[in-house]
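*Asks:* Given next are the chains, with one letter for each unit.
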Amino acid sequence: MSSTTIDRRRASPAATPQNRALVAAWLFAVCFMIWVMVGIGGFTRETGSGLSIMNWDPIVGALPPLSPAAWNKLFALYQTIPQAQILHKGMDLAGFQQLFWPEYIHRLWGRLIGAVFFVPLIAFIATRRIEARLIPWLILLFVMGGLQGAIGWFMVASGFDPNSTAVEPWRLSLHFSAAMFLYVSVLWTALTVRTPVPAPLQGQRALKFWAFAATILLCITMFAGTFVSGTHAIDVFSPAKAIGVGMPPPVYAVSNFFTDKATILFNHQALGFLTALTILTTATLALRGNAPGQVRDAGLAIGGLVLLQFTLGVTALVSKLLDVGVAHQMNAVLLLTACILLLHRLRGAAR
Amino acid sequence: MKPDRAVANWLFLLCAMIFGMVVGGGHARTIGAGFILQAWEPVTGFIPPLNAGDWTHLFALYQQTAQFHAHPITETTFKTLFWPMFLDRCWGRLMALVFLIPFVIFSWQRRIPRNLAFWLLAIFAAGGAQAAHGWYMVRTGLTPGVLTPPPSWAAPHFLAAMVIFTALLWTALSIRTPTPEPLETPLKPWLTATIVLILATMGFGALVAATNAITVFNTFPLMDGSFAPPTLFALHPAWENFIINQATVQFFHRLLATLTALTALTAAILGLRAENLPPALRDNFLILAALVALQYLLGMATIVLAAPELGFVHELNAVLLLAAAICARHQLRGARGGRTLISSLPAGGPTP
Chain L
1 MSSTTIDRRR
11 ASPAATPQNR
21 ALVAAWLFAV
31 CFMIWVMVGI
41 GGFTRETGSG
51 LSIMNWDPIV
61 GALPPLSPAA
71 WNKLFALYQT
81 IPQAQILHKG
91 MDLAGFQQLF
101 WPEYIHRLWG
111 RLIGAVFFVP
121 LIAFIATRRI
131 EARLIPWLIL
141 LFVMGGLQGA
151 IGWFMVASGF
161 DPNSTAVEPW
171 RLSLHFSAAM
181 FLYVSVLWTA
191 LTVRTPVPAP
201 LQGQRALKFW
211 AFAATILLCI
221 TMFAGTFVSG
231 THAIDVFSPA
241 KAIGVGMPPP
251 VYAVSNFFTD
261 KATILFNHQA
271 LGFLTALTIL
281 TTATLALRGN
291 APGQVRDAGL
301 AIGGLVLLQF
311 TLGVTALVSK
321 LLDVGVAHQM
331 NAVLLLTACI
341 LLLHRLRGAA
351 R
Chain V
1001 MKPDRAVANW
1011 LFLLCAMIFG
1021 MVVGGGHART
1031 IGAGFILQAW
1041 EPVTGFIPPL
1051 NAGDWTHLFA
1061 LYQQTAQFHA
1071 HPITETTFKT
1081 LFWPMFLDRC
1091 WGRLMALVFL
1101 IPFVIFSWQR
1111 RIPRNLAFWL
1121 LAIFAAGGAQ
1131 AAHGWYMVRT
1141 GLTPGVLTPP
1151 PSWAAPHFLA
1161 AMVIFTALLW
1171 TALSIRTPTP
1181 EPLETPLKPW
1191 LTATIVLILA
1201 TMGFGALVAA
1211 TNAITVFNTF
1221 PLMDGSFAPP
1231 TLFALHPAWE
1241 NFIINQATVQ
1251 FFHRLLATLT
1261 ALTALTAAIL
1271 GLRAENLPPA
1281 LRDNFLILAA
1291 LVALQYLLGM
1301 ATIVLAAPEL
1311 GFVHELNAVL
1321 LLAAAICARH
1331 QLRGARGGRT
1341 LISSLPAGGP
1351 TP
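Just so you know, the protein sequences line up as chains L and V, in that order. All residue numbers for the first sequence refer to this note's numbering, where the first residue is 1 and numbers rise by one. All residue numbers for the second sequence refer to this note's numbering, where the first residue is 1001 and numbers rise by one.
It is worth saying that the hints were derived from the structure and are not from the lab. The model shown is predicted, which means the values in this text are computed figures rather than measured ones. Hints are all accurate, no fakes.
One side of the interface only, derived from the structure: several residues of chain L facing chain V at Cβ under 7 Å:
(1) Pro239
(2) Thr284
(3) Leu287
(4) Leu300
(5) Leu307
(6) Val314
(7) Thr315
(8) Val318
(9) Ser319
Just so it is clear, CB atoms sit at the ideal spot from N, CA and C, and this is done for glycine as well.
Next up, chain L with everything else stripped away, as it sits in the complex (with noise of 0.2 Å):
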């Protein structure tokens, strides 16, 4: 970057640094509902409730069934679906009711992710408080948390198969990978706000490199318990049957890898466990070397977040308890943001 760019960006009147720290705050309360939303998904899968609520409308939608006779409309609606009569046959409308709120308040979470974008976002362009050149990318955001909406509706829809009790695990993952990637959008645009201009960094190439490697390494993992969740894997723990404890399944092939559950786990837990010595690795480097404080302190947060997290996965796996799956996933998004902070504090380290 040219300095130049740089006078002519501080010299816009909309990057007084009051609204740079202001959409910055907006853009980081953002990411932190989106934070909260992986957990209600994460809680809604626990719950089995995905498929409670059988259509989409994106506007309409937002008001929960008012009348009994709107219950017993969505409840008959809800028996109509393989899932109800091969899970819940018998099931009352309290049962249902039951089985509805958690995807009702997810889907009411994503409205309101969606109003607390847009609805500032055209406020501070009202007010010019918005560099123009950041404006197009904002509204693409926007635009993709709405296709966020369409592809959980998308991963819904493939619950209601025939003799499907669940959704698809691709299509999940389809929807978690989305969720992070518009995730660690918005959450780079925040930091890149807040902090428009890289510190320069002196020998801090390796350490860049490594945060980086960590970081892709992250995302796979991610994405390799998905299908962990996806697909119930966990079910099949069993240390008699030496099935989750680290070992590759007896037969292990590619074929298997997005079907078969103990290849899923196994290669979570692979995954999770080179990751978790990448970042070690990584938050070793920065916390021996001589970088800055900040830099030192992301290193310090994603050295702890992942001794968190490989803790959480083990007592996710050994317990079966699907609270502490869902923490672990939680954690997951926390540890990605501790990645994303440490690599947007080394970006200066290529000059």
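We have chain L already, so just place chain V on it with the hints.
*Replies:* Leaving out everything else, chain V in the frame of chain L:
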């Protein structure tokens, strides 16, 4: 006072030998050889059985134990169990020599001040007491109904070894670095708490091993579905639960382990974020954090898989963790005051 590296290294060697002793003792326990050698000749005992008559004699002594009556074994099995226990005891005799010979030489060279000499002799006496305590623990095998070394004997044996280890390591470090470096940091109490908690957790760990509590509650994080098992205080009087009740000792081992891990990690985070700490100390905090995380994971794996071999590794890593905490605490001897939380950090790395 000038550092005497040779004296320091001699004591470091003894620390390493205590670690070796934990390896031997832990192994003997894991294979169930604790009662196998029912004879103790402190000096001449280093001579192994040389002929069939010796073997018959030793085997006959073992046949008096309750363990043998409950689970009779052949002389061949006896021999395979005998050697680890025999080596463990020889290791103890070797440690006494490695202590005494250099001690005499260094004293003759006037390299050991009077106070230090008394202190080292006290540590040596504690080592001798450990041997005697070990022997009486072995003798409990003759009591009817006592099938394995009782927890009330085994846990103090291990904990005393760790206290001796702590004292010896601290002494060695102080001889190597006699003058404390003045530091401005509030970390000292965190490290003291970490060491105390590690020792307490190790004590309960020894009870878990001695009561064979690894065979129950093979779940994590809950203990068979509940945070605290209902049989926590099943025995009367209540204090007995803290020695022989598998549920109680395992529960408190878990609880203290979690507390220890949180304390050690907090200490490490504060240490890694602190201002102007020497790079060696920062490395020490990294090692502390890594070992405590590894230790926690090993503990989880051990209990879930009910694997005594992993428990053995877990035991050895505990000693390394203790050593890391002691080293960090030692480097902080000269520390005082300072702020706990700081918002901005200086650049790290070795000071130019």
